[in-house]
Amino acid sequence: MLNIVVCVKAVPDPKEACNIKIDPDTKTLLRCDVPLVLNALDKNAMEAALQLKTQFEAHISVLSMGPPEAGNIVKECLALGADQGFLLSDPAFGGADAFATAFTLAKGIEKIGSFDVVFCGMASSDGSTEWVGPEIATFLDLPVVTLVKEIVDCDGATWKVKASVENGYRLMQVELPAVFTVTREVNTPRTLSFSGIIKARKKEIEQWGINELGVTRETVGLKGSPTIVSELNAQEENKRQAEMISGTRDEKADVLVQKLVDAGVL
Amino acid sequence: MGTDHSAVWVIAEQIDCHIQSVSLQLIGQARKLADQLQTSVEVILLGDNIEQQARQLIAAGADRIYLGNAPELEVYQPELYTEIVVKLAAEHQPEIILIGSTDMGRELAPLVAARLKTGLTAHCIDFVLDKELILEQRIPAYGGMLSIVCPEKRPQMATAAKGVFPTPEPDDSRTGETMMIDIPAHLPGRIKTLEIIREEPQGVPLETAATIVAGGAGAGDNDGWNDISELAETLNAALGSTRPAVDEGWAELETMIGQSGKMVSPEVYIGVGLSGEQQHMVGIVGARVMIAVNNDAKSPIFEQVDYGVVDDCREFIPELIKKIKAYQEKQLTC
Ligand SMILES: Cc1cc2nc3c(=O)[nH]c(=O)nc-3n(C[C@H](O)[C@H](O)[C@H](O)COP(=O)(O)OP(=O)(O)OC[C@H]3O[C@@H](n4cnc5c(N)ncnc54)[C@H](O)[C@@H]3O)c2cc1C
Ligand SMILES: Nc1ncnc2c1ncn2[C@@H]1O[C@H](COP(=O)(O)O)[C@@H](O)[C@H]1O
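Quick mapping for you: the protein sequence lines, in order, are chains A and B. Here the first sequence stands for residues 1 to 266, numbered as in this note's numbering. Here the second sequence stands for residues 1001 to 1334, numbered as in this note's numbering.
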């Protein structure tokens, strides 16, 4: 039995993310009126797990740390085919940087207990540090491969994967248990099916806070974060005075060609 | 020159024995910070047959090189590289460690930071020391500039992309010392880099391109994107993208410009169907001429360019390509 944990993050819908503001007091993000959705790359992480399940006997646990509303994206993953859902939610977890996030998720994975493979997305659309996967691996003392774009060989306890490097790839050999962060190239995520949604209704989501995880307040959330936002400054923007090119489409194209000639492009 | 304690470190990177430009650029930043902190710049370089390269790092501003030179270090090996850096850092207690946001650096940095139980800030575009000499790590976000600090834990760690900072002029009169480091013998051996395959990049490379055509979400679909791509080809320009274009699967991740992508400095930048969000715009440094095509006259992109065209790019770009081709043919015939 292959035990897989997929870490998924609820992120503000990227289409509305421009409405997010900074709370001047706590210096964390106020994301109240922007709906939370499943982070795009975590769909690839989910899909990687689901594809393994078609090949092997496997059990998929989805794990997310976030506010209670993040339960919706865990539900979504259950509907996609995950077997069990876990939500780490506690006011004390708020304001976590990548270090505290990875620490908390690692505690969650330990509590889930058995795992051979942990999948994360390469990056989240809001935090976008790419640190959470490798830091989870460090806390669990596991090997990690980031930027995985192809799982070449997953037969047995030693895997081979291709991971992205500048202008090419690196072929990595890894012993399980291990953590992998995946890129968009690794697969094409499936979409929700009606039967999946029906089946997911019966699946429970376990919710854990600091007591269940057995961690102290000092080690999680804002308090457990080595880094803090110290300041937010209004941007001195690169303002330029634009000359708007007007006229019919034909005229605009003519003028623009001339501008390109003047600029030395043509 | 400073003592072991509280130095500013850079983890340098070599590919086929070539020092990566981002490593030199970070040494330039480290020099600036170390001078203010009255300490030294120390650089870790790991590889095989790289003794000669230490000179280049010293000329860029380093005072001391920790050199790991062994066949097993030829390419990045996660366990070995992490172990070496963690051990050296635990021993010498640097104040700051800077790492390039390369594919290696983005994996190695969090592995080291988590082992050292310290903070790490991604994709910085500026480093400033505050009044207490704490490192303010600046990143653009949410319509402004965030300063991130790591007030208590040490070292303070950060990554920055290639091209954010200038490459220092080499000063061959500078002197520095090179210390050979021991290679740890007993490692778990759970992970191994078997091989690294690199291909010649296709098309015009973004980082050195004189002209860049960048496309965004406004492309709408694959066809719209192909037009933008064709415009780049017609102009012999490099093709760049915004994050939504990558997320949609139209553009390769390598083409993304901005805070978490590439930093570019073309002569001429043409942005098509993109809104001029800061996280993209900070990636464009010092362009002489900026042009935008967007169907929304109120788009913020028009406040950041020299010439603007309000039009549907899916209609306008094919028209523009036709005109450019006609111009190019005319030039050939006369
Ligand atoms: C931590 C973090 C890091 C990030 N890093 C990066 C980064 O490195 N690079 C990056 O690019 N982004 C990055 N982003 C995302 C960034 O914030 C923006 O979401 C992104 O740059 C917007 O891309 P866009 O302009 O293509 O899309 P949008 O903002 O959606 O703009 C699309 C534009 O196209 C126009 N348009 C629509 N249809 C048409 C049409 N038919 N013809 C012409 N115009 C049309 C619209 O008017 C609009 O202005 C990051 C975000 C975060 C949170
Ligand atoms: N709060 C979270 N809950 C679950 N997984 C997370 C969380 N934050 C980050 N991750 C995982 O870590 C990956 C990288 O995130 P980041 O380091 O924020 O770029 C994501 O794609 C997720 O798989």
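Mixed in with the good hints there might be a few duds.
As the list claims (entries may be wrong) - Restricting the straight-line Cα-Cα distance to at most 16 Å, the calculated cross-link-like pairs of lysine to aspartate or glutamate (EDC-like) are:
id, chain 1, residue 1, chain 2, residue 2
1, A, LYS239, B, ASP1306
2, B, LYS1325, A, ASP250
3, A, LYS162, A, GLU150
4, A, LYS149, B, GLU1252
5, B, LYS1330, A, ASP254
6, B, LYS1032, B, ASP1126
7, B, LYS1192, A, ASP153
8, A, LYS149, A, GLU166
9, A, LYS259, B, ASP1126
10, B, LYS1322, A, ASP141
11, B, LYS1087, B, ASP1126
12, A, LYS149, B, ASP1247
13, B, LYS1325, A, ASP254
14, A, LYS160, A, ASP141
15, A, LYS162, B, GLU1199
Just so you know, these hints were derived from the structure itself, not from any lab. All figures in this text were calculated on a predicted structure; none of them were measured in a lab.
Here is what the structure says about each hint:
{"no.": "1", "hint": "LYS239/A / ASP1306/B", "verdict": "holds, 9 Å"}
{"no.": "2", "hint": "LYS1325/B / ASP250/A", "verdict": "holds, 14 Å"}
{"no.": "3", "hint": "LYS162/A / GLU150/A", "verdict": "holds, 5 Å"}
{"no.": "4", "hint": "LYS149/A / GLU1252/B", "verdict": "holds, 13 Å"}
{"no.": "5", "hint": "LYS1330/B / ASP254/A", "verdict": "holds, 14 Å"}
{"no.": "6", "hint": "LYS1032/B / ASP1126/B", "verdict": "holds, 12 Å"}
{"no.": "7", "hint": "LYS1192/B / ASP153/A", "verdict": "holds, 14 Å"}
{"no.": "8", "hint": "LYS149/A / GLU166/A", "verdict": "holds, 13 Å"}
{"no.": "9", "hint": "LYS259/A / ASP1126/B", "verdict": "violated, 33 Å"}
{"no.": "10", "hint": "LYS1322/B / ASP141/A", "verdict": "violated, 58 Å"}
{"no.": "11", "hint": "LYS1087/B / ASP1126/B", "verdict": "violated, 28 Å"}
{"no.": "12", "hint": "LYS149/A / ASP1247/B", "verdict": "holds, 15 Å"}
{"no.": "13", "hint": "LYS1325/B / ASP254/A", "verdict": "holds, 12 Å"}
{"no.": "14", "hint": "LYS160/A / ASP141/A", "verdict": "violated, 19 Å"}
{"no.": "15", "hint": "LYS162/A / GLU1199/B", "verdict": "holds, 15 Å"}
Checked against the numbered hints above, the structure violates hints 9, 10, 11, 14; every other hint is satisfied.
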